[in-house]
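**Student:** Put chain R on the given structure of chain B with help from the hints.
If you want the building blocks of each chain, they are given just below.
Protein chains: 2
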Amino acid sequence: MGHRKSVIRCVGIGPGDEAHLTREALSAITSSNVIVGYKGYIKYIEHFIFDQKVISTGMTKELERARAAVDEALLGNKVCVVSSGDAGIYAMAGLILEVCNELGLGVERFGASQNGLDEDQDQQKPTIYFNCVPGVPAFVGAASLLGAPLMHDFCSISLSDLLTPWEVIEKRLRMAGEGDFVVALYNPRSKRRDWQLAKALQIIGDYRQGETPVGLVKRAMRPGESVSIHQLKDFPVESVDMESIVIVGNSSTFLVGPFMVTPRGYLTKYSLNK
Amino acid sequence: MGHRKSVIRCVGIGPGDEAHLTREALSAITSSNVIVGYKGYIKYIEHFIFDQKVISTGMTKELERARAAVDEALLGNKVCVVSSGDAGIYAMAGLILEVCNELGLGVERFGASQNGLDEDQDQQKPTIYFNCVPGVPAFVGAASLLGAPLMHDFCSISLSDLLTPWEVIEKRLRMAGEGDFVVALYNPRSKRRDWQLAKALQIIGDYRQGETPVGLVKRAMRPGESVSIHQLKDFPVESVDMESIVIVGNSSTFLVGPFMVTPRGYLTKYSLNK
Chain B
1 MGHRKSVIRC VGIGPGDEAH LTREALSAIT SSNVIVGYKG YIKYIEHFIF
51 DQKVISTGMT KELERARAAV DEALLGNKVC VVSSGDAGIY AMAGLILEVC
101 NELGLGVERF GASQNGLDED QDQQKPTIYF NCVPGVPAFV GAASLLGAPL
151 MHDFCSISLS DLLTPWEVIE KRLRMAGEGD FVVALYNPRS KRRDWQLAKA
201 LQIIGDYRQG ETPVGLVKRA MRPGESVSIH QLKDFPVESV DMESIVIVGN
251 SSTFLVGPFM VTPRGYLTKY SLNK
Chain R
1 MGHRKSVIRC VGIGPGDEAH LTREALSAIT SSNVIVGYKG YIKYIEHFIF
51 DQKVISTGMT KELERARAAV DEALLGNKVC VVSSGDAGIY AMAGLILEVC
101 NELGLGVERF GASQNGLDED QDQQKPTIYF NCVPGVPAFV GAASLLGAPL
151 MHDFCSISLS DLLTPWEVIE KRLRMAGEGD FVVALYNPRS KRRDWQLAKA
201 LQIIGDYRQG ETPVGLVKRA MRPGESVSIH QLKDFPVESV DMESIVIVGN
251 SSTFLVGPFM VTPRGYLTKY SLNK
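In order, the protein sequence lines correspond to chains B and R. Each residue of the first sequence is one higher than the one before, counting from 1 in this note's numbering. Each residue of the second sequence is one higher than the one before, counting from 1 in this note's numbering.
Worth flagging that the hints you see were computed from the coordinates, not collected in a lab. Worth double-checking, as some hints may not be accurate.
[Claimed, not checked] Here are the simulated EDC-like pairs of lysine to aspartate or glutamate, each with C-alpha atoms no more than 16 Å apart in a straight line:
| no. | chain 1 | residue 1 | chain 2 | residue 2 |
| --- | --- | --- | --- | --- |
| 1 | R | Lys269 | B | Glu243 |
| 2 | B | Lys171 | R | Asp180 |
| 3 | R | Lys269 | B | Glu178 |
| 4 | B | Lys125 | B | Asp71 |
| 5 | B | Lys269 | R | Glu102 |
| 6 | B | Lys171 | R | Glu102 |
| 7 | R | Lys171 | B | Glu178 |
| 8 | R | Lys269 | B | Glu64 |
| 9 | B | Lys39 | B | Glu243 |
| 10 | R | Lys269 | B | Asp161 |
| 11 | B | Lys269 | R | Glu64 |
| 12 | B | Lys269 | R | Asp161 |
| 13 | R | Lys171 | B | Asp180 |
| 14 | B | Lys269 | R | Glu62 |
[Said to hold, decoys possible] Take a look, some chain R residues computed to stay more than 12 Å from chain B by CB distance:
| no. | residue |
| --- | --- |
| 15 | Tyr129 |
| 16 | Lys171 |
| 17 | Arg174 |
| 18 | Arg192 |
Computed from a prediction, not measured in an experiment: that's the story for all the values here. Yeah, the Cβ is synthetic: ideal placement off N, Cα and C, and Gly gets one too.
Isolated chain B, as found in the complex (with noise of 0.2 Å):
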C-alpha cells in the first residue's frame, strides 16, 4: 500500500466544452496521475492530459470503472473520476462512495488530513481520502439555453427504468405535475427506451395546461447543439435521443422572445416603475 494517500476525487466537468468547467476541476485533473471516465467525456479534457495514466470505458461500464478507480487508488494514486455535467448528479459520486462501502474501506474527507484529523483513523484499515468538485449539471446547462425555466421550485426525473421500476418514475412524474414542479427529464429517449418519454409527458399533462412551454435541448455546449421550445400538447417525441435534455414548464412559465421564463412573483407582488 506505501506510504502514499489514496485520493479519489470526482469532478464534473460540466456541459460540453471547457468554457464551462471549473477552475477547481481543472486543478483537480491536472494535479491527479490517473484519471478514470467514460471514453466520450475524456476527449473534452484531453488537453489537460499529460502525463497522467488514462482509463476509459464505454457506457455502461459505471460499475468497472468504480472498480478500476479504488483499485489504481489502493496502489497509492490520485485519481481522478471525471463525469459530464456535475459529479454527484446520475453520475459516479456515489457509485464509488457504494465501492469503498462494499469493500469495507475507510473513507475519509479528502483534505481532512490538513486538520490534523489523520491521527483518529484505524491505521490497520486501508483508507480512501475522497472529495467531489461539483460542475454546471446538465440540466443547469440546458436550462441556461432556454431562458430562464428553473426560476421557481424544480425536480429532476431520469426516465431510465434500467435500475429503478419504472412504477417508483410513474409515482415520481405524478408528484412533479401534482406538485407543479417544473420537471427536468434526464435520459428521456434512447433506441431501447422508445415509449417512456411520451408516457411520462402524457402523466404530466394531467395535471398541466396543453399550451405548458417545453424545452428541449440537445448537446448543450457541444458541437450540433441544438435548442428549441414546444407546447405540451405537441412535443416532438420523435426527435428526441439520449444526448436530450427535457424541461417541462410549471403552470406560469411563459414565454418572453426565444425564451422560456418561469416567474418568481416579484412583478404580481411589485410594480416595476416604468
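**Tutor:** Same frame as chain B, but now just chain R:
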C-alpha cells in the same frame, strides 16, 4: 440608443470563491462594461473588475437591480448581472426577462447575430440581446460537500413565503415526500421566517423514517463553511440560517464514512467482483 447593441448576460459565479467559477463566467464578467449585482456577491469577483461600472444594491432589491441592468443596456452597454450559484435558479435571469417583457422590449438570443438572424428583428423596437451563463448552483455545491446525496431523482424547494403562498410550498413538500425525492431546501430559515423549516421537515417526515440522513451545509466554499449530517427526527433547526442549504435524503440514502450517499441501484442489480 446609438448603434451599439444592448446586451445583458446573466452570470452564475458558483458557490463561494472563484475556484468554482467557470471560464465562460469569467469571460462574461471581464468583457462587460457594466456589472450589476448584490453587494454581498460583488466581493467574490472584485479582482476581475477593472474599468467596468459597478451597480450594487442590498438584498431584496432584485427588481431595482433588474431595472438598472435593463436601463444600462438600453444605453448601449454590455451588462453583466452576477448571481451567486446559477443565474437561473431563484436568481436574476428570469426577472431580467420579465422586466424586458413588461417594458415591451424585443429580446433576442445573444450570439444569434453571428448566425445572421439580426435581419429578422423589428428595427423599430429596442432589443435586448440576452444570454445566461450557467454556474454551479448553491445546492449542488452543498451536495458535493455532503458526498453524493443527489445521485437519484431530487427536487428543490424554496421555503421563502415572501413571494409564494405557504400552501403552495406545503403542497410541494408533501409531493416531494410522497414521491420519495431527495429534497434540497433553499432559504430554509431567517430571523423573520423561523417556523417554516421545522414544519417542512415534519411534512417530509410523514413519508420517511426518522433515521433518514439530513445534511446541513452553511456557507459552502466560503469562509466559515460548516458541513454536518443529522437525522430527520432530531435535526438542529435552530442552528440553520439564511446562508444554509438543507438536503433531506430519500428512503435509501445512507452514510459512508462522513458522507451521505443515495444509491442508484447498481449494486442491487450487479454484483461487485471482489
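**Student:** With reference to the structure, classify each hint as holding or not holding.
**Tutor:** Hint by hint, here is what the structure shows:
no. : hint                : verdict
1   : Lys269/R - Glu243/B : violated, 24 Å
2   : Lys171/B - Asp180/R : holds, 9 Å
3   : Lys269/R - Glu178/B : violated, 31 Å
4   : Lys125/B - Asp71/B  : holds, 15 Å
5   : Lys269/B - Glu102/R : holds, 14 Å
6   : Lys171/B - Glu102/R : violated, 38 Å
7   : Lys171/R - Glu178/B : holds, 9 Å
8   : Lys269/R - Glu64/B  : holds, 14 Å
9   : Lys39/B - Glu243/B  : holds, 15 Å
10  : Lys269/R - Asp161/B : holds, 12 Å
11  : Lys269/B - Glu64/R  : holds, 14 Å
12  : Lys269/B - Asp161/R : holds, 12 Å
13  : Lys171/R - Asp180/B : holds, 9 Å
14  : Lys269/B - Glu62/R  : holds, 13 Å
15  : Tyr129              : violated, 10 Å
16  : Lys171              : violated, 6 Å
17  : Arg174              : violated, 8 Å
18  : Arg192              : holds, 16 Å
In summary, the numbered hints that this structure violates are 1, 3, 6, 15, 16 and 17.
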